[in-house]
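Reminder that position 127 of the sequence shown reads as 126 in numbering that gives the first Met the number 0, one-by-one numbering, no gaps.
Hints in this document: simulated from the structure, not taken from any laboratory. As the structure is a computational prediction, the values presented were derived from the model and not from experiment. Just to be clear, a hint being listed does not mean it is correct.
Claimed, not checked - Here are the computed lysine-lysine pairs in the DSSO-like style, where the Cα-Cα straight-line distance is at most 30 Å:
{"#": "1", "residue 1": "135", "residue 2": "54"}
{"#": "2", "residue 1": "376", "residue 2": "105"}
{"#": "3", "residue 1": "263", "residue 2": "105"}
{"#": "4", "residue 1": "423", "residue 2": "135"}
{"#": "5", "residue 1": "299", "residue 2": "162"}
{"#": "6", "residue 1": "32", "residue 2": "105"}
{"#": "7", "residue 1": "135", "residue 2": "299"}
{"#": "8", "residue 1": "210", "residue 2": "128"}
{"#": "9", "residue 1": "396", "residue 2": "54"}
{"#": "10", "residue 1": "128", "residue 2": "299"}
{"#": "11", "residue 1": "263", "residue 2": "32"}
{"#": "12", "residue 1": "239", "residue 2": "259"}
{"#": "13", "residue 1": "87", "residue 2": "210"}
{"#": "14", "residue 1": "239", "residue 2": "396"}
{"#": "15", "residue 1": "87", "residue 2": "396"}
{"#": "16", "residue 1": "376", "residue 2": "400"}
{"#": "17", "residue 1": "259", "residue 2": "299"}
{"#": "18", "residue 1": "54", "residue 2": "32"}
{"#": "19", "residue 1": "102", "residue 2": "164"}
{"#": "20", "residue 1": "400", "residue 2": "299"}
{"#": "21", "residue 1": "87", "residue 2": "54"}
{"#": "22", "residue 1": "32", "residue 2": "259"}
{"#": "23", "residue 1": "164", "residue 2": "128"}
{"#": "24", "residue 1": "135", "residue 2": "164"}
{"#": "25", "residue 1": "102", "residue 2": "299"}
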Amino acid sequence: MATTQINNLDVVIVGAGLSGLRAAREIHAAGLKYVVLEAMDRVGGKTLSVPASSKGTGVVDLGAAWINDTNQSEMYSLAQEFSFDLVKQRDEGDSMVRAPDGKIDKVPYGMLANLEPEQLERLMHLLQKIGELAEKSNTSDPSLTPHAETLDSVSLHDFVADKFKNEDANTLVNELVKALVGLESSYPSALYFLDTIKRAAGLANMISDGKNGGQYLRNRQGNQSFSVEIARGLTPGAVKLSSPVTSITQSATGCVVESKTGDKYTAKKVIMSLPSCLLPTVQFSPRLPQPKQLLSQSTKLGYYSKTILVFSEPWWLAADLSGVYTSTGTAISFTRDTCVPEDGQYSITCFHTGETGRSWSRLSAEERRTAVLEEFKTAFETATGEGIPDPVNVIEKEWTKDPWTLGAPSPVMPPGLLTSEAGKALYEPFQNIHFVGTETADVWRGYMEGAVRSGLRGAREVIDALGGSSTR
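Work out the full structure: start from the sequences and follow the hints.
Spelled out as structure tokens, the structure:
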């Protein structure tokens with residue numbers, strides 16, 4: 000295969016997900032010369048939208064699914080610009096909760112479990128206290144948070160066990176962490192998780208499906224469409240697909256970026272949108288500073304996968320069910336109604352997270368499918384009191400098995416990292432390489448909003464450094 004060398008670029012952007020493409024859009028608007036190198040054969044990163052069924056009635060999102068129209072202003076602005084149709088997350092009807100003993104209970108929408116009043120009061124107190132602690136986080140410099148070193152020295156699990164001394168509290172927090180970052184509460188430091196909550200406009204908003212919440216609006220056109228539309232507005236041919244970057248060499252004259260295709264690009268600046276734990280897939284010369292190396296070796300991506308069950312009709316509505324089912328220790332962690340009635344697209348998405356998700360992942364494809372369908376059928380038939388129809392389509396996506404993602408939603412820091420030099424290195428450029436990605440976001444870290452905001456920040460760093468000038 001013939002290879003090419005493109006010289007005299009202003010910027011090479013690595014990654015065509017939301018952060019990389021939003022950076023590219025800003026670089027393009029500044030009149031700079033650039034290319035975007037993407038390892039996958041598509042744009043969108045961890046957004047992936049596919050047809051719901053062979054009938055062509057609507058799409059479903061296998062990756063990031065929600066935005067809102069208040070505190071996620073960048074994503075909402077893009078949705079308006081591209082004239083996307085936004086669908087409110089359904090938050091009506093009864094939900095189901097599977098207890099550890101296997102008993103399935105109906106509970107009002109939003110209820111965490113079938114609890115006695117005293118239990119509910121204790122758990123609401125726990126959530127309130129966690130929210131209050133998170134509000135004290137200094138997101139500009141987490142090391143300046145009150146008691147930062149103490150909070151960063153222990154896992155969230157150990158912190159909750161020591162502070163609340165309640166097994167129910169640890170169970171709830173573990174399920175919460177699994178649902179939000181795909182890991183057990185024993186992995187992230189207490190400070191890191193509290194800081195993540197603060198960046199997501201508080202715990203109440205982070206877990207909410209309502210107005211201001213992290214799960215409020217879905218995109219009828221599918222969230223991969225954001226990346227498709229942004230890419231469409233870039234210089235024709237600027238986005239190079241199936242071009243994983245293998246090395247970046249820096250010198251006094253700039254950077255040489257080489258892809259697996261053998262193509263080489265020389266530029267003044269590089270914007271990297273790879274998650275920190277994927278940085279070791281690139282050979283850097285000179286090597287990354289020690290703090291960045293430690294960062295890349297220490298962060299971890301969660302296990303976060305989906306199985307989407309598509310039906311010919313929304314049969315659960317007649318039973319006044321929300322489509323929400325939550326379980327501990329089984330194949331399905333939780334579900335959500337992901338219908339778009341205007342398209343005749345009727346689906347419920349099953350999420351598989353944390354260690355129970357990893358255990359399910361080790362099954363064969365047929366065993367995974369059977370486990371999901373049997374658990375789903377048992378739960379919903381218990382709730383309806385009658386048989387439920389089979390899905391017309393079953394769509395599975397395991398992000399951990401994708402070699403260019405290796406997990407979702409974004410890397411998480413263990414104890415001792417956030418307040419160290421490695422934690423502080425997350426945002427810092429290395430000579431002419433600037434780092435973006437949702438894990439570096441000031442707000443909504445791990446979400447699409449965080450991704451686009453980080454892309455904007457990185458692009459502006461580069462534009463300012465280049466004085467807004469171009470080699471064009």
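Against the structure, the hints come out as follows:
{"no.": "1", "hint": "135 <-> 54", "in the structure": "violated (51 Å)"}
{"no.": "2", "hint": "376 <-> 105", "in the structure": "holds (15 Å)"}
{"no.": "3", "hint": "263 <-> 105", "in the structure": "violated (59 Å)"}
{"no.": "4", "hint": "423 <-> 135", "in the structure": "holds (19 Å)"}
{"no.": "5", "hint": "299 <-> 162", "in the structure": "holds (25 Å)"}
{"no.": "6", "hint": "32 <-> 105", "in the structure": "violated (58 Å)"}
{"no.": "7", "hint": "135 <-> 299", "in the structure": "holds (25 Å)"}
{"no.": "8", "hint": "210 <-> 128", "in the structure": "holds (22 Å)"}
{"no.": "9", "hint": "396 <-> 54", "in the structure": "holds (20 Å)"}
{"no.": "10", "hint": "128 <-> 299", "in the structure": "holds (26 Å)"}
{"no.": "11", "hint": "263 <-> 32", "in the structure": "holds (15 Å)"}
{"no.": "12", "hint": "239 <-> 259", "in the structure": "holds (12 Å)"}
{"no.": "13", "hint": "87 <-> 210", "in the structure": "holds (9 Å)"}
{"no.": "14", "hint": "239 <-> 396", "in the structure": "holds (24 Å)"}
{"no.": "15", "hint": "87 <-> 396", "in the structure": "holds (23 Å)"}
{"no.": "16", "hint": "376 <-> 400", "in the structure": "holds (26 Å)"}
{"no.": "17", "hint": "259 <-> 299", "in the structure": "holds (25 Å)"}
{"no.": "18", "hint": "54 <-> 32", "in the structure": "violated (42 Å)"}
{"no.": "19", "hint": "102 <-> 164", "in the structure": "holds (26 Å)"}
{"no.": "20", "hint": "400 <-> 299", "in the structure": "holds (14 Å)"}
{"no.": "21", "hint": "87 <-> 54", "in the structure": "holds (24 Å)"}
{"no.": "22", "hint": "32 <-> 259", "in the structure": "holds (22 Å)"}
{"no.": "23", "hint": "164 <-> 128", "in the structure": "holds (14 Å)"}
{"no.": "24", "hint": "135 <-> 164", "in the structure": "holds (22 Å)"}
{"no.": "25", "hint": "102 <-> 299", "in the structure": "violated (33 Å)"}
Hints 1, 3, 6, 18, 25, counting from the list given before, are not met by this structure.
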